[in-house]
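> Taken in sequence, the protein lines are chains P and X.
Numbering follows this note's numbering, with no gaps: position 463 of the first sequence is 463.
Numbering follows this note's numbering, with no gaps: position 156 of the second sequence is 156.
Keep in mind the hints are simulated off the structure, nothing from the lab.
It cannot be assumed that every hint is accurate.
[As the list claims (entries may be wrong)] The list that follows gives simulated cross-link-like pairs (lysine-lysine, DSS-like), each with its CA atoms no further than 25 Å apart: (1) X:251 to P:324; (2) P:106 to X:44; (3) P:324 to P:310.
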Amino acid sequence: MTPPDRNRLRPEMLGNAGRGLAYEEPLLFERSRSGRVGFSLPALDVPPVAPEDELPAEFLRGDCEGLPELSEVDVVRHFTRLSTWNYAVDLGLYPLGSCTMKYNPKLNEAVASLAGFARTHPLQPTALAQGLLQLFHQLEGHLAEISGMDRVSLQPAAGAQGELAGVMMIRAYHEQRGERRTKILVPDSAHGTNPASAGLNGYETVSVPSGADGLLHPEAVAAAMGPSVAALMLTNPSTLGLFEEHIVRIAEIVHAGGGLVYGDGANLNALLGVARPGDLGIDVMHFNLHKTFSTPHGGGGPGAGPVGVKNLLAPYLPVPVVRKLSASEGEGFALDYEFPHSIGRLHGNFGNVGMLVRAFTYIRTLGPDGLRRCAEMAVLNANYLLARLRATYHVPFDRPVMHECVLSDAKLEGTGVTTFDVAKRLIDHGYHPPTVYFPLIVPGALMVEPTESESLEGLDRFAEALIAIAQEAELDPETVRSAPHSTRLSRLDETRAARKPVLRWLPDAEPLDS
Amino acid sequence: MRYIPHTEEDVRQMLRTIGAASVESLFAPIPEKLRLGRSLALPKAASEQEVLSELAALAARNAHTESHDWFLGAGTYAHFVPSAVDALASRAEFYTSYTPYQPEISQGTLQTIFEWQTMICGLTGLEVSNASMYDGASATAEAVLMAMRLTRRHKIVGAGLHPHYRDVLRTYAAGPQGVVTEAHREASGRTAPLDRLVDRETACVVLQQPSFLGVVEEVGAAADAAHAVGALLVVVVTEALSLALLREPGKLGADIVCGEAQSFGVPMSFGGPHLGFLATRGSFVRQMPGRVVGQTLDARGRRGFVLTLSTREQHIRRERATSNICTNQGLMLLRATIYLALLGRRGLRELARINLAKAAYLRARVRETRGLALPISAPGFNEVVVGLGVPAADALQRALDDRIVGGLDLSPYASELGPALLVCTTELASRSAIDRLVRALSLAR
Numbered sequence: 001m002t003p004p005d006r007n008r009l010r011p012e013m014l015g016n017a018g019r020g021l022a023y024e025e026p027l028l029f030e031r032s033r034s035g036r037v038g039f040s041l042p043a044l045d046v047p048p049v050a051p052e053d054e055l056p057a058e059f060l061r062g063d064c065e066g067l068p069e070l071s072e073v074d075v076v077r078h079f080t081r082l083s084t085w086n087y088a089v090d091l092g093l094y095p096l097g098s099c100t101m102k103y104n105p106k107l108n109e110a111v112a113s114l115a116g117f118a119r120t121h122p123l124q125p126t127a128l129a130q131g132l133l134q135l136f137h138q139l140e141g142h143l144a145e146i147s148g149m150d151r152v153s154l155q156p157a158a159g160a161q162g163e164l165a166g167v168m169m170i171r172a173y174h175e176q177r178g179e180r181r182t183k184i185l186v187p188d189s190a191h192g193t194n195p196a197s198a199g200l201n202g203y204e205t206v207s208v209p210s211g212a213d214g215l216l217h218p219e220a221v222a223a224a225m226g227p228s229v230a231a232l233m234l235t236n237p238s239t240l241g242l243f244e245e246h247i248v249r250i251a252e253i254v255h256a257g258g259g260l261v262y263g264d265g266a267n268l269n270a271l272l273g274v275a276r277p278g279d280l281g282i283d284v285m286h287f288n289l290h291k292t293f294s295t296p297h298g299g300g301g302p303g304a305g306p307v308g309v310k311n312l313l314a315p316y317l318p319v320p321v322v323r324k325l326s327a328s329e330g331e332g333f334a335l336d337y338e339f340p341h342s343i344g345r346l347h348g349n350f351g352n353v354g355m356l357v358r359a360f361t362y363i364r365t366l367g368p369d370g371l372r373r374c375a376e377m378a379v380l381n382a383n384y385l386l387a388r389l390r391a392t393y394h395v396p397f398d399r400p401v402m403h404e405c406v407l408s409d410a411k412l413e414g415t416g417v418t419t420f421d422v423a424k425r426l427i428d429h430g431y432h433p434p435t436v437y438f439p440l441i442v443p444g445a446l447m448v449e450p451t452e453s454e455s456l457e458g459l460d461r462f463a464e465a466l467i468a469i470a471q472e473a474e475l476d477p478e479t480v481r482s483a484p485h486s487t488r489l490s491r492l493d494e495t496r497a498a499r500k501p502v503l504r505w506l507p508d509a510e511p512l513d514s
Numbered sequence: 001m002r003y004i005p006h007t008e009e010d011v012r013q014m015l016r017t018i019g020a021a022s023v024e025s026l027f028a029p030i031p032e033k034l035r036l037g038r039s040l041a042l043p044k045a046a047s048e049q050e051v052l053s054e055l056a057a058l059a060a061r062n063a064h065t066e067s068h069d070w071f072l073g074a075g076t077y078a079h080f081v082p083s084a085v086d087a088l089a090s091r092a093e094f095y096t097s098y099t100p101y102q103p104e105i106s107q108g109t110l111q112t113i114f115e116w117q118t119m120i121c122g123l124t125g126l127e128v129s130n131a132s133m134y135d136g137a138s139a140t141a142e143a144v145l146m147a148m149r150l151t152r153r154h155k156i157v158g159a160g161l162h163p164h165y166r167d168v169l170r171t172y173a174a175g176p177q178g179v180v181t182e183a184h185r186e187a188s189g190r191t192a193p194l195d196r197l198v199d200r201e202t203a204c205v206v207l208q209q210p211s212f213l214g215v216v217e218e219v220g221a222a223a224d225a226a227h228a229v230g231a232l233l234v235v236v237v238t239e240a241l242s243l244a245l246l247r248e249p250g251k252l253g254a255d256i257v258c259g260e261a262q263s264f265g266v267p268m269s270f271g272g273p274h275l276g277f278l279a280t281r282g283s284f285v286r287q288m289p290g291r292v293v294g295q296t297l298d299a300r301g302r303r304g305f306v307l308t309l310s311t312r313e314q315h316i317r318r319e320r321a322t323s324n325i326c327t328n329q330g331l332m333l334l335r336a337t338i339y340l341a342l343l344g345r346r347g348l349r350e351l352a353r354i355n356l357a358k359a360a361y362l363r364a365r366v367r368e369t370r371g372l373a374l375p376i377s378a379p380g381f382n383e384v385v386v387g388l389g390v391p392a393a394d395a396l397q398r399a400l401d402d403r404i405v406g407g408l409d410l411s412p413y414a415s416e417l418g419p420a421l422l423v424c425t426t427e428l429a430s431r432s433a434i435d436r437l438v439r440a441l442s443l444a445r
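With the hints as extra help, turn the sequences into a complete structure.
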């Protein structure tokens, strides 16, 4: 077989990508033309004032240099063209492991944009925000029921802020009991946010090794446990997509040593309606509403990271707390601030409310059976992909998985093709690559999370793309190693970006040398 | 279920390939006794039509800027949002993508962030900006943690801070044992000289500009006081539109400028999602929290953009990361970048002047109205403290009777001013609405 021209895509090797028009587009500042306007402001209906009459001259700036001058047409074309350079869930499978890139329902967007949600102010009187407070109260209740936790605060703006809140509550709990504990145990498969959240709270992180089967074992936790350990932070299912079978025994060991167990909720999608972290010994956890509850990822956010606790941590929850009025107080909901042991406020207002509205809408739409169906089909999809790919890709821990599966590039050894190359070649097939090189304990990891949104034929095409790439690695490794070939830009030089950082546009910057 | 594509036949076929007897059997790794064994106690599923009408009924029980004339600001601002912002930010290629980990298929998001970073640098007068923080309050807290790392000191002096920002700062500073004190306010409303509050243990002065009470502060003097003891100056901006009028804080000596950019095309949405921003000097970039985008070349020598300097971040540095932030406020950053591109160099300035003129008109009307007063003399931008002859709650209720949300009752925050409201006048406040507000406040009993 003759090696194909690497710039020509062979249709038989492609999943679902073809070649289309690719538009060029400069930076906004390079498009700017003096005198263009993209706005129309109402005529001033009050006497005009000169800024220099209102404020001392030394307080005033000159021109808003750095901002462009563009017509509305220019701006619309600019961002529409830019949008065509992005991959997105609405274009296809986005199997980014641990990120749960499920479909983002359009109804949720419509609801969040209602004026009674989108055009409300966080400091308006609570009497004029009863619909929102009721939604908060109900959503807290739904999340508590789904997770088996006793209380929920919706305030954290993302999973990492939920973790931060959780670790702060753990610290407050131990301090309240007069105990000074300095360490937090984190399995070696954990998300980077776990040790970072512990570090921000002044804790030392102790890594606990996973067993040969990929699971966390009670003996390893017992060996690391001691009077200076404040908590264990774990993710269940783990970042290997495996259910931590020994969770109950592990939680008992931590509790017996006076510690608490934190549950990273990133992978909650696998458990919806099937099992509840609160029934497994978890004392505090966060939810990622942008993962499990379908709020859109927005090109990097916003997320929402509510935190749930068992009653023993309830006194430490962030303020304010939403409360349903008692019968003697009348109908409705209030915000309470008087909790002397609270860790305080985490967000300037109530968190990413627009995301809370979307997640609530999602839960209302699916109901208990629909949520469970999500978990079932997510787990079915991950196991199906594993079954289709097992013969072609190395599976470091070959056990039944939950919502995601981890493969590696070990079988490609000798071809010179690595996980990085496989990921880039998948782009030519029309897919966003999986999470790569994570979890850290699997060399060359490809972490695939299809979610329940993908159909059988969609999964087949994706599996066939990965199989085709493995064949190509044998026959024509150079094509894989120099992928992607079908994108507007080819591989980008990340080393160069970090070596001499250029972090903003400057009008007189020298052109890049190539 | 319309979000899930599987037919019964699909499921059977997939189970055969897997070699599993049933969907239930796929959950075998979860020990039987750990399973829920019942249905979740949640409301039953509902159709799209039913859910929409249920949620619309909840929405209808909240006041909003279309149901009332709006004079409430204090950190969250009711500004007009051009239609193009919603239209472009609704493109699914933007809002259903994630963090641009794969630059070859994320150039739309990456170039937008690079454009945002450029705009924020221009507006703040600093050299580097990150790709957003959760909100202004957490951006402020992270800026202070950054100053503590840079100076290896632990005292923090706050000046004119929004009370919620001060609370969040205290929450974040507790872990690394930061101690927050607060500067005094002069009778004019401006922050009193800071020289005697700072010492060789001070990590930073955190000055809000304009202050919570809407007063334009002397950034240069605060910078001198901080720098004289080797501390940094963090300037916090909650009304980003003021940056179009006021001298760039970076040019007046601020080392970090951070805050809230919700004013730039982001819906108020009951306080979130908003858009935290953070900019600093080039020499501090390695201590900056959050993601940042840099320019580079592709293999064929064409310009492109990538996430860079990631060795600061949690996924690489883990417990020694500059922050634990991962998901940020990307979609809000997109909205703000579109907004600033539309308003541009001239529009943003003109809009700021409109806001200034409306506040000047409100002050003039208050000055000539019996029973109302201006307890603060220092100049401001688009917020005015209005002194009242009756308790603020009564005045606000009187305004509500005329379908006006009249401002913020300052009694919990600045009781020494006597009964007073913090009133915000953006471009949405018409002259006649301002007249009606003044009338309502003066009629309150």
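> If a hint holds in the structure, say so; if it doesn't, say that too.
Hints and how they fare:
Between residue 251 of chain X and residue 324 of chain P the alpha-carbon distance is near 49 Å, which puts this suggested pair outside the 25 Å criterion. Restraint check for residue 106 of chain P and residue 44 of chain X: the C-alpha separation of about 20 Å stays at or below 25 Å, so the hint holds. Simply put, residue 324 of chain P and residue 310 of chain P have alpha-carbon atoms about 19 Å apart, close enough for the 25 Å limit, and the pair holds.
Violated hints amount to a single one, hint 1; each of the other numbered hints is respected by the structure.
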